[in-house]
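S.K.: Chain B: place on chain A using the hints.
2 protein chains.
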Amino acid sequence: MMAVTPDHVDLAPLAAALSEGALVLDAERMDKYRRDRALDPAAGTPLAVVRATCTADVQAAVRFAAEHGIGVVPRGAGTGLSGGATAQDGCLVVSTERMTAIEIDPTTRIAVVEPGALNVAVKQAAAQHELWYPPDPSSYEICSIGGNVATNAGGLCCVKYGVTSDYVLGLTVVLADGTAVDLGGPRLKDVAGLSLTKLFVGSEGTLGIVTRVVLRLVPALQAPSTLVATFGSLDAATAAVLDLTRRLRPSMLEFMDRTSINAVEDLTRMGLDRSAEAMLVMQSDEPGARAAEEIAEMAKICDGHGAAEVFHTDDPEEGAAFVAARRMVIPAMEPRGSLLLEDVGVPLPQLGALVRGIERIAAEHDVLIAVVAHAGDGNTHPLVVFDPADADQAARASAAYGAVMDLGIALGGTITGEHGVGRLKRPWLGDYLGPDVLALNQRVKNALDPQGILNPGAVFEHH
Amino acid sequence: MMAVTPDHVDLAPLAAALSEGALVLDAERMDKYRRDRALDPAAGTPLAVVRATCTADVQAAVRFAAEHGIGVVPRGAGTGLSGGATAQDGCLVVSTERMTAIEIDPTTRIAVVEPGALNVAVKQAAAQHELWYPPDPSSYEICSIGGNVATNAGGLCCVKYGVTSDYVLGLTVVLADGTAVDLGGPRLKDVAGLSLTKLFVGSEGTLGIVTRVVLRLVPALQAPSTLVATFGSLDAATAAVLDLTRRLRPSMLEFMDRTSINAVEDLTRMGLDRSAEAMLVMQSDEPGARAAEEIAEMAKICDGHGAAEVFHTDDPEEGAAFVAARRMVIPAMEPRGSLLLEDVGVPLPQLGALVRGIERIAAEHDVLIAVVAHAGDGNTHPLVVFDPADADQAARASAAYGAVMDLGIALGGTITGEHGVGRLKRPWLGDYLGPDVLALNQRVKNALDPQGILNPGAVFEHH
Numbered sequence: 001m002m003a004v005t006p007d008h009v010d011l012a013p014l015a016a017a018l019s020e021g022a023l024v025l026d027a028e029r030m031d032k033y034r035r036d037r038a039l040d041p042a043a044g045t046p047l048a049v050v051r052a053t054c055t056a057d058v059q060a061a062v063r064f065a066a067e068h069g070i071g072v073v074p075r076g077a078g079t080g081l082s083g084g085a086t087a088q089d090g091c092l093v094v095s096t097e098r099m100t101a102i103e104i105d106p107t108t109r110i111a112v113v114e115p116g117a118l119n120v121a122v123k124q125a126a127a128q129h130e131l132w133y134p135p136d137p138s139s140y141e142i143c144s145i146g147g148n149v150a151t152n153a154g155g156l157c158c159v160k161y162g163v164t165s166d167y168v169l170g171l172t173v174v175l176a177d178g179t180a181v182d183l184g185g186p187r188l189k190d191v192a193g194l195s196l197t198k199l200f201v202g203s204e205g206t207l208g209i210v211t212r213v214v215l216r217l218v219p220a221l222q223a224p225s226t227l228v229a230t231f232g233s234l235d236a237a238t239a240a241v242l243d244l245t246r247r248l249r250p251s252m253l254e255f256m257d258r259t260s261i262n263a264v265e266d267l268t269r270m271g272l273d274r275s276a277e278a279m280l281v282m283q284s285d286e287p288g289a290r291a292a293e294e295i296a297e298m299a300k301i302c303d304g305h306g307a308a309e310v311f312h313t314d315d316p317e318e319g320a321a322f323v324a325a326r327r328m329v330i331p332a333m334e335p336r337g338s339l340l341l342e343d344v345g346v347p348l349p350q351l352g353a354l355v356r357g358i359e360r361i362a363a364e365h366d367v368l369i370a371v372v373a374h375a376g377d378g379n380t381h382p383l384v385v386f387d388p389a390d391a392d393q394a395a396r397a398s399a400a401y402g403a404v405m406d407l408g409i410a411l412g413g414t415i416t417g418e419h420g421v422g423r424l425k426r427p428w429l430g431d432y433l434g435p436d437v438l439a440l441n442q443r444v445k446n447a448l449d450p451q452g453i454l455n456p457g458a459v460f461e462h463h
Numbered sequence: 001m002m003a004v005t006p007d008h009v010d011l012a013p014l015a016a017a018l019s020e021g022a023l024v025l026d027a028e029r030m031d032k033y034r035r036d037r038a039l040d041p042a043a044g045t046p047l048a049v050v051r052a053t054c055t056a057d058v059q060a061a062v063r064f065a066a067e068h069g070i071g072v073v074p075r076g077a078g079t080g081l082s083g084g085a086t087a088q089d090g091c092l093v094v095s096t097e098r099m100t101a102i103e104i105d106p107t108t109r110i111a112v113v114e115p116g117a118l119n120v121a122v123k124q125a126a127a128q129h130e131l132w133y134p135p136d137p138s139s140y141e142i143c144s145i146g147g148n149v150a151t152n153a154g155g156l157c158c159v160k161y162g163v164t165s166d167y168v169l170g171l172t173v174v175l176a177d178g179t180a181v182d183l184g185g186p187r188l189k190d191v192a193g194l195s196l197t198k199l200f201v202g203s204e205g206t207l208g209i210v211t212r213v214v215l216r217l218v219p220a221l222q223a224p225s226t227l228v229a230t231f232g233s234l235d236a237a238t239a240a241v242l243d244l245t246r247r248l249r250p251s252m253l254e255f256m257d258r259t260s261i262n263a264v265e266d267l268t269r270m271g272l273d274r275s276a277e278a279m280l281v282m283q284s285d286e287p288g289a290r291a292a293e294e295i296a297e298m299a300k301i302c303d304g305h306g307a308a309e310v311f312h313t314d315d316p317e318e319g320a321a322f323v324a325a326r327r328m329v330i331p332a333m334e335p336r337g338s339l340l341l342e343d344v345g346v347p348l349p350q351l352g353a354l355v356r357g358i359e360r361i362a363a364e365h366d367v368l369i370a371v372v373a374h375a376g377d378g379n380t381h382p383l384v385v386f387d388p389a390d391a392d393q394a395a396r397a398s399a400a401y402g403a404v405m406d407l408g409i410a411l412g413g414t415i416t417g418e419h420g421v422g423r424l425k426r427p428w429l430g431d432y433l434g435p436d437v438l439a440l441n442q443r444v445k446n447a448l449d450p451q452g453i454l455n456p457g458a459v460f461e462h463h
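The listed protein sequences derive, respectively, from chains A and B. Quick note on numbering: the first sequence equals residues 1 to 463 in UniProt numbering. Quick note on numbering: the second sequence equals residues 1 to 463 in UniProt numbering.
Chain A extracted, bound-state conformation:
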């Protein structure tokens, strides 16, 4: 059943059930809630936007939607890259941006966080207690924990410290009928009943809306040491990555190709080597003298693979500048045109074949593709750049975007490592999962959202 939009819906009962000022009906104010950073051109016009202040507001919105068979599109900070928060015509958009409370319990080493809190705010609150919340999407300064949980977001630290799911101990979730449930909690081990907490992480708002998150924190670490290496060939760089991950455990292992390097250099003039085919940015945060040892081992491996330049710094600010350069690739590419941002991840031994294959796809489709990657995870972000005013180029870009996913699947990889399926990648989900696993996904979705009102069109086809 597809969620339908009743022609005439009386919103007065909804307004009455919500906190004062939570309901937004003004078209101009609603406009900024229609899209996330994927800028999905198919975005619809919502019936209303609910700027929730508490779990009860979310419950009221979902109950109203369930009663009227209206779709609900949840959104956090709107930084999603797969169109998971694209508004649908006649839906309710439920924004959690006003729910930003953060409480730290240093004894249990947890943070209890509302979904609208930014990732950076959780990191800062933890740091006040000498604790650390590891997951660090490149967008960590502007993305929210709710969105991180919805997509099971990754980042740069994952190569050593894992992804969002590894840090979620508990959730409060509003289910499709408006019931709010607490799953898991501040217990480091809990196997009573099914692993529903983990099921909701990464479900992109299709099973429920998260209104509270219990996050595990770890003790703060010392500032990392940084190593930067440039390579004259892509193959040498990817071969170095395999050697690094086989033998060491860097806390960061990032990759930029020549297009990415040049885009960042255009913006920063920090002196990056514009002629390099690839650059690796690596860190070690091992305690004490071990960091220097690990950095030396990394440098040796890079040298062994014919690195053109290898640069090491223990200065935290200098190291941070290279990490910032890496994080800057997407914004640096944005002025060059519209972007289709890929997120293909492959088993590590296939990283070289993927990077080479993307180069071939760019040539075949005559489009520019910059490649940046969480190389240590095998998770790449090819950015397909195109001029939206050039219909032919836009079509070629779209074909290249699909071809990269097809290549990823052929190499045993996934169509999305950390951004989520959303709406942009939905057409490829069945190709990746195959019919049996897709049906299994759908069975769980139908069981938890029989009306199909939760984030309709994201991940799953309208049913």
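Each hint should be verified, as a subset may be incorrect.
For identical chains, the list gives no copy identity; a pair is met inside one copy or between any two copies.
[Said to hold, decoys possible] In silico EDC-like pairs for lysine to aspartate or glutamate, Cα to Cα no more than 20 Å straight-line:
1) Lys160 / Asp105
2) Lys160 / Asp243
3) Lys300 / Asp243
4) Lys160 / Asp285
5) Lys160 / Glu293
6) Lys123 / Glu317
7) Lys123 / Glu103
8) Lys300 / Asp285
9) Lys32 / Asp89
10) Lys300 / Asp314
11) Lys123 / Asp285
12) Lys300 / Asp235
13) Lys160 / Glu297
The hints are simulated quantities; they were obtained by calculation from the structure and are not laboratory data.
M.R.: This is chain B only, laid out in the frame that chain A set:
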């Protein structure tokens, strides 16, 4: 619907569909497949035992069971402590003990493992490539990976390294209709579709039967340093635990009470302090000189809480002897009577209240309860000891077992941290989860196993 046992089932088609010798019908041979280590007195008599050699055997068994509406009870090594593998009358027991293949891929740093492989065998295979599989239930030398996945098993390393779920990248699962699906795989990040891999971990065979596991491995670490501290009071020991976890990140933080210490000392004569109220066994595996620093900081904290004795060793064998002593508590208690083995976990700040409360429950019910704990996780294993021939004592033991779970729930804790609900803890699951979350669990169960044939009576009531 309750899985029913047809009076006359023709097993010839099942025998024909299975590998040669997989079907066991002999009552005497079947007897050892009726119970796990929980020794559930309610164990039934299976219709047949299938000793599967491959995924296809498991599929054949499940298809046959689905066709005839027969329950299927999966089992690994039979070391479960909650009766998750208790045979039901007229069911098929599907044993994976013969599926023991292990393949290591050192580049991707994964192990591809069949469910019957023992935890220790995976550790050994990984070690040959200087890799490590962290999860380490006390029973790691005799428990299987399939059972570890089914219960989301923990262990001693979890305080620093997490639980089984944190290491499962992919699963092959036979679903309730006999379909085999591959979930996840050798990709370090993958968010395409719902987190079904994580959902199946800890589902205790109620959603499907795992026939292949892709495990993440990490580089091997140096041998840990060990610190042992004894305390004259329970409160001092639990206060020290809180201080330790707030400020440090030990790779092990285990607790034994006086009864446990004495039981182990009876067996080993290793010179443990029989008069201590509690003993903590701690380790640091930090690299290089940092381990010695961390051990010194731990010792200082223990001293600050009035430890009677603090003993430190860098000798791996000597350290291992103390860890072995800790692991020995359950076998050391077994000669003293029948055991009801608890697994209550609480938020860390409640650890002291839980340990004190258990002491009170033992006195009130006039039974012996030994307490051993993964203290750094707040996960305790009270062992209720009783003479099964003494009906009154057995009844008091059973009441005490329930009282400990009630206390755990009252302190914000879980009824099971790592052993699973199985059949023994099922009566408490609703009290712990509450009706809404229990219903949510049931909804997922019904969606994936509409006939209710998968491990009937485990976790869920017969429905």
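S.K.: All hints, please: hold or fail.
M.R.: Here is what the structure says about each hint:
no., hint, verdict
1, Lys160 / Asp105, "between (24 Å within a copy, 18 Å between copies)"
2, Lys160 / Asp243, "within (15 Å within a copy, 26 Å between copies)"
3, Lys300 / Asp243, "within (11 Å within a copy, 41 Å between copies)"
4, Lys160 / Asp285, "both (10 Å within a copy, 16 Å between copies)"
5, Lys160 / Glu293, "within (17 Å within a copy, 23 Å between copies)"
6, Lys123 / Glu317, "within (18 Å within a copy, 40 Å between copies)"
7, Lys123 / Glu103, "within (12 Å within a copy, 38 Å between copies)"
8, Lys300 / Asp285, "within (18 Å within a copy, 25 Å between copies)"
9, Lys32 / Asp89, "within (14 Å within a copy, 61 Å between copies)"
10, Lys300 / Asp314, "within (17 Å within a copy, 31 Å between copies)"
11, Lys123 / Asp285, "within (17 Å within a copy, 26 Å between copies)"
12, Lys300 / Asp235, "within (17 Å within a copy, 51 Å between copies)"
13, Lys160 / Glu297, "within (17 Å within a copy, 25 Å between copies)"
Hint compliance for this structure: every hint is met.
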